[in-house]
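One line per chain: the protein sequences are A and B, in this order.
The opening position of the first sequence corresponds to residue 1 in the working numbering, with each subsequent residue numbered one higher.
The opening position of the second sequence corresponds to residue 1 in the working numbering, with each subsequent residue numbered one higher.
Be careful, since some hints might not be right.
[Said to hold, decoys possible] In silico DSS-like pairs for lysine-lysine, Cα to Cα no more than 30 Å straight-line:
| # | chain 1 | residue 1 | chain 2 | residue 2 |
| --- | --- | --- | --- | --- |
| 1 | B | K177 | A | K177 |
| 2 | B | K37 | B | K5 |
| 3 | A | K2 | A | K40 |
| 4 | A | K2 | A | K74 |
| 5 | B | K37 | A | K74 |
| 6 | B | K2 | B | K40 |
| 7 | A | K5 | A | K37 |
| 8 | A | K74 | A | K5 |
| 9 | A | K113 | B | K113 |
| 10 | A | K177 | A | K113 |
| 11 | B | K74 | A | K113 |
| 12 | B | K177 | A | K113 |
| 13 | B | K40 | B | K74 |
| 14 | B | K177 | B | K5 |
| 15 | A | K177 | B | K74 |
| 16 | A | K74 | B | K177 |
| 17 | B | K37 | B | K74 |
| 18 | B | K37 | B | K2 |
| 19 | A | K5 | A | K113 |
| 20 | A | K177 | B | K2 |
| 21 | A | K37 | A | K2 |
| 22 | A | K40 | A | K5 |
| 23 | B | K113 | B | K40 |
| 24 | A | K74 | A | K40 |
These are computed hints drawn from the structure, not numbers from a lab.
The structure displayed is predicted, hence computed values, not measured ones.
Number of protein chains: 2
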Amino acid sequence: MKRIKLTVAYDGTNYHGWQVQPNGITIEEVLNQALTKLLKEPITVTGASRTDAGVHALGNVAVFDTDTRIPPDKISYALNQRLPEDIVIQDSCEVSPDFHPRHCDSRKTYEYKIVNRTFPLPLRRHDTLFFYRALNVENMRRAADYFIGTHDFKSFCSVHTQAETTVRTIYELTVAKEQDILTIRVCGSGFLYNMVRILAGTLLQVGTGERQPDQIPAVLEACDRMAAGPTAPAHGLTMVGIQFV
Amino acid sequence: MKRIKLTVAYDGTNYHGWQVQPNGITIEEVLNQALTKLLKEPITVTGASRTDAGVHALGNVAVFDTDTRIPPDKISYALNQRLPEDIVIQDSCEVSPDFHPRHCDSRKTYEYKIVNRTFPLPLRRHDTLFFYRALNVENMRRAADYFIGTHDFKSFCSVHTQAETTVRTIYELTVAKEQDILTIRVCGSGFLYNMVRILAGTLLQVGTGERQPDQIPAVLEACDRMAAGPTAPAHGLTMVGIQFV
Numbered sequence: 001m002k003r004i005k006l007t008v009a010y011d012g013t014n015y016h017g018w019q020v021q022p023n024g025i026t027i028e029e030v031l032n033q034a035l036t037k038l039l040k041e042p043i044t045v046t047g048a049s050r051t052d053a054g055v056h057a058l059g060n061v062a063v064f065d066t067d068t069r070i071p072p073d074k075i076s077y078a079l080n081q082r083l084p085e086d087i088v089i090q091d092s093c094e095v096s097p098d099f100h101p102r103h104c105d106s107r108k109t110y111e112y113k114i115v116n117r118t119f120p121l122p123l124r125r126h127d128t129l130f131f132y133r134a135l136n137v138e139n140m141r142r143a144a145d146y147f148i149g150t151h152d153f154k155s156f157c158s159v160h161t162q163a164e165t166t167v168r169t170i171y172e173l174t175v176a177k178e179q180d181i182l183t184i185r186v187c188g189s190g191f192l193y194n195m196v197r198i199l200a201g202t203l204l205q206v207g208t209g210e211r212q213p214d215q216i217p218a219v220l221e222a223c224d225r226m227a228a229g230p231t232a233p234a235h236g237l238t239m240v241g242i243q244f245v
Numbered sequence: 001m002k003r004i005k006l007t008v009a010y011d012g013t014n015y016h017g018w019q020v021q022p023n024g025i026t027i028e029e030v031l032n033q034a035l036t037k038l039l040k041e042p043i044t045v046t047g048a049s050r051t052d053a054g055v056h057a058l059g060n061v062a063v064f065d066t067d068t069r070i071p072p073d074k075i076s077y078a079l080n081q082r083l084p085e086d087i088v089i090q091d092s093c094e095v096s097p098d099f100h101p102r103h104c105d106s107r108k109t110y111e112y113k114i115v116n117r118t119f120p121l122p123l124r125r126h127d128t129l130f131f132y133r134a135l136n137v138e139n140m141r142r143a144a145d146y147f148i149g150t151h152d153f154k155s156f157c158s159v160h161t162q163a164e165t166t167v168r169t170i171y172e173l174t175v176a177k178e179q180d181i182l183t184i185r186v187c188g189s190g191f192l193y194n195m196v197r198i199l200a201g202t203l204l205q206v207g208t209g210e211r212q213p214d215q216i217p218a219v220l221e222a223c224d225r226m227a228a229g230p231t232a233p234a235h236g237l238t239m240v241g242i243q244f245v
């Protein structure tokens, strides 16, 4: 028996998120089915980031245990043959039997992308938020700086969370602009439910001038979901990758 | 009566190209129908670039004549309300009544995008060609340089062309690489049927080493479609824009 780690990229547009649920098809379910058929043993993967419906990934991580004799690095190739074109394994390798993608220290990176122009770009409609109001990127950057470090992010967490603690560490939070596309990139020790989307929604309010950057510390201190901005739509969010430390 | 010029962006994935045809829905047809309903007069647009099935656009151009009292710059907003999300008007303005988007001097720019890595990127599957073999970008650039200038591009033209002359001028042809994505960008006085896709297919052969850059002059001189490389798939191609000079 060995433990295999998959790096998984997907276009989340047509999925009800990562985690198996009764209402619709999920990434996890598609992986379980394809692996079970490929390896001819019942497989259940464990995901690192249980992304919401509509959220995408370049490098989410899933692990599973198997007795297969397929070499670990060849599983990616064999599995991709059985996956739809909107889910592609980027890498497969063997890991220690006690490796668990959620119960170990890691740095996760997400990007939230915004097309900021008068009219939408049809080719980017699935992986970016279209936003036509002018955005003050400098103010967004100033606001972003307040989030860096270890804080109680209770204001930036869906009230539906089951997390034991709402304290998290953000290592990096940048706002880059290339032509009409803004990328909010955040790297942290872990994120609460909807946290990145609420960060993005709050930074958008700063961009439009509805909020000032120097109001962010008070929003953090409030420890109240109502103090932060709205949850930005899922389809602008991409799980970029996870570094296990 | 005034003539209106539209700048049109589209995701060509779900269309049978630009030009109205019996076998499937086209960009031109969707524009004609939406404009006819919006302006309450029969409208037929004339396109600058009659892109193939699956080809995309950021800035294709279409013109039509109308008696509408909607201000020309407001037509874009009104029309976008009636268009599907994969076709978005980027600009509308009045032009001279004798302006014709194909019978006037222009510089057209196209981009052909290639995802060059071990596994495909699901989010880029519709607007890039996935190509896993290693590509020598320096050799592709050397080959690209041979195309710049005025040449007979008969070798780079589908045998189904109806063009009177196969001489065209290429002003710019670059191969850029950003992370795993190669962009072949070409700007020219006009392009023959399938010309950009045959250029891309030939440059890919140079990238893999099947051809050497210094063989390009002989391919041009041959004036024979068989001398050039294959026609690269449509979905990697985007009509970027047209400058009328």
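Outcome of the hint check:
no.	hint	verdict
1	B:K177 / A:K177	holds, 19 Å
2	B:K37 / B:K5	holds, 18 Å
3	A:K2 / A:K40	holds, 15 Å
4	A:K2 / A:K74	holds, 14 Å
5	B:K37 / A:K74	violated, 55 Å
6	B:K2 / B:K40	holds, 15 Å
7	A:K5 / A:K37	holds, 18 Å
8	A:K74 / A:K5	holds, 12 Å
9	A:K113 / B:K113	holds, 20 Å
10	A:K177 / A:K113	holds, 10 Å
11	B:K74 / A:K113	holds, 28 Å
12	B:K177 / A:K113	holds, 21 Å
13	B:K40 / B:K74	holds, 16 Å
14	B:K177 / B:K5	violated, 34 Å
15	A:K177 / B:K74	holds, 28 Å
16	A:K74 / B:K177	holds, 28 Å
17	B:K37 / B:K74	holds, 16 Å
18	B:K37 / B:K2	holds, 18 Å
19	A:K5 / A:K113	holds, 28 Å
20	A:K177 / B:K2	violated, 38 Å
21	A:K37 / A:K2	holds, 18 Å
22	A:K40 / A:K5	holds, 18 Å
23	B:K113 / B:K40	violated, 39 Å
24	A:K74 / A:K40	holds, 16 Å
Hints 5, 14, 20, 23 from the earlier list are contradicted by this structure; the remaining hints agree with it.
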